[in-house]
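Asker: Spelled out, the chains give:
Number of protein chains: 2
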Amino acid sequence: MYTLYDFSPSGNCYKIRLLLNQLGISYERINVDILNKESRTPEFLKINPNGRTPVLCHDGKYLAESNAILWYLAAHTDFIPKGNYEQAQVLQWMFFEQFSHEPNIATARYWISILNEEDEYKEALKAKISQGYAALDVMEQHLQNHDYFVTNQYSIADIALYAYTHVAEEGKFDLSGYKRINAWFERVESQKNYISIKSQV
Amino acid sequence: MYTLYDFSPSGNCYKIRLLLNQLGISYERINVDILNKESRTPEFLKINPNGRTPVLCHDGKYLAESNAILWYLAAHTDFIPKGNYEQAQVLQWMFFEQFSHEPNIATARYWISILNEEDEYKEALKAKISQGYAALDVMEQHLQNHDYFVTNQYSIADIALYAYTHVAEEGKFDLSGYKRINAWFERVESQKNYISIKSQV
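Protein chains in written order, with this note's numbering: chain A, 1444 to 1644; chain X, 1444 to 1644.
Don't take every hint at face value.
A pair counts as met if it fits within one copy or between any two copies, since identical chains are not told apart.
[Unchecked claim] DSSO-like cross-link-like pairs, simulated, lysine-lysine; straight-line CA separation at most 30 Å:
id, residue 1, residue 2
1, Lys-1569, Lys-1504
2, Lys-1489, Lys-1569
3, Lys-1525, Lys-1489
4, Lys-1504, Lys-1565
5, Lys-1615, Lys-1569
6, Lys-1641, Lys-1480
7, Lys-1635, Lys-1622
8, Lys-1622, Lys-1489
9, Lys-1565, Lys-1635
10, Lys-1504, Lys-1489
11, Lys-1635, Lys-1489
12, Lys-1641, Lys-1489
13, Lys-1504, Lys-1622
14, Lys-1480, Lys-1569
15, Lys-1615, Lys-1504
16, Lys-1489, Lys-1565
17, Lys-1480, Lys-1565
I should point out that these hints are in silico values taken from the structure, not numbers from a laboratory.
Just so you know, these numbers come straight off a predicted model, no measurement behind them.
Using the sequences and the hints given, assemble the complete structure.
Answerer: Laid out in structure tokens, this is it:
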């Protein structure tokens, strides 16, 4: 029995919905409206003391942090490569995503397209945009010689990076010059049981 | 053959030095002076296109991101618990560290005690301090019922969180009220083959 505490527009939550669908795992979705501070209620803080979505509940056990949840669900499946070095490379890209990518690209999207407060965040956005492009440049460079991020095979590293990259234009990032990233989008979107971030499946 | 590309004051680099020592792995240390922009040279960017330390080289293969390196080195040792859920909990705390903890606590220390530019960052520090205390509160709460972060056994989750927490006062965080965290420091520091962040071993 799986339950996902989910905020629908969140790329971090979408990662989990995408993988659950690709693994054919059925689950209950509980909507947590973070705009209405529902991730900071006393009840939710019992589930995740860090007050963030997504949270997965599996047979009564709770797990937070999107990329840790991806790892948990994908263990012993083809979504994680087998070798120790290859698994560490998956984690390398997922830590890159949470440290160098998400705080810039997802935050710009959140301020501009979810809160609709671009003007209020005008100054702070400058650093986010510059650092976000730096992260996109690292991805574009890697994809010059690779179809996917690790072992040239679709893995949870691709899911983690795809989630916010493919909606980066909602944070006013111009992706038109990123040919390798755009070609990789098509490869991700052609995977079996792919669903979009807007899918209500 | 292991080589660590290392910036000595960095907590992220210290994580790797501590685990390597606890595993009894000998290695070469190559100093990368990030204050002198040595992590952004064309040579270094070939090793890590994201331009950050630490980087581990093992038998010619490179790996970046401190917590991914911890995972790589600790695989199949007692520093990672065995179960799938327990392993995902280790990752949950390591992603918490890189997303909610390090960008606040390590950055305040970097600005104040490494760059010595507290005045220049006065405004930006306010948010870092507030969010850093929030991360410390999450840790203190967890340690009310646990001796260590996962399975009540010392693991790489403890190493990841210890690295910047135990020097948080260098970022002007007052840890005196965090009794559980201070007691956990003692448990970490009593581990076999523990070395301090200043050790030149």
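Asker: For the identical chains here, do Lys-1489 and Lys-1565 meet the 30 Å Cα criterion within one copy, between copies, both, or neither?
Answerer: Neither, since 35 Å and 34 Å both go past 30 Å.
Asker: If the cutoff is 30 Å on CA atoms, where do Lys-1504 and Lys-1565 land: within, between, both or neither? Let me know, please.
Answerer: Neither, since 41 Å and 42 Å both go past 30 Å.
Asker: Treating 30 Å as the Cα threshold, decide for Lys-1641 and Lys-1489: within, between, both or neither.
Answerer: within (28 Å within a copy, 38 Å between copies)
Asker: Checking Lys-1504 and Lys-1622: alpha-carbon separation at most 30 Å within a copy, between copies, both or neither?
Answerer: between (42 Å within a copy, 28 Å between copies)
Asker: If the cutoff is 30 Å on CA atoms, where do Lys-1480 and Lys-1569 land: within, between, both or neither? Let me know, please.
Answerer: both (27 Å within a copy, 22 Å between copies)
Asker: Give the relationship of Lys-1641 and Lys-1480 under a CA distance limit of 30 Å: within one copy only, between copies only, both, or neither.
Answerer: The answer is within: 22 Å in one copy meets 30 Å, while 42 Å across copies does not.
Asker: Under a CA distance limit of 30 Å, which applies to Lys-1622 and Lys-1489: within one copy, between copies, both, or neither?
Answerer: between (44 Å within a copy, 21 Å between copies)
Asker: State whether the alpha carbon distance between Lys-1635 and Lys-1622 is at most 30 Å within one copy, between copies, both, or neither.
Answerer: Close inside one copy (23 Å), not across copies (50 Å); limit 30 Å.
Asker: At most 30 Å between C-alpha atoms: does Lys-1504 with Lys-1489 qualify within a copy, between copies, both, or neither?
Answerer: within (12 Å within a copy, 42 Å between copies)
Asker: Is it within, between, both or neither when you check Lys-1615 against Lys-1569 at 30 Å Cα-Cα?
Answerer: both (11 Å within a copy, 27 Å between copies)
Asker: Reference check for the pair Lys-1615 and Lys-1504, CA-CA at most 30 Å: within, between, both, or neither?
Answerer: neither (38 Å within a copy, 36 Å between copies)
Asker: Go through the copies and call it for Lys-1525 and Lys-1489: within, between, both or neither, with a Cα cutoff of 30 Å.
Answerer: between (35 Å within a copy, 26 Å between copies)
Hints 1, 4, 9, 11, 15 and 16 from the earlier list are contradicted by this structure; the remaining hints agree with it.
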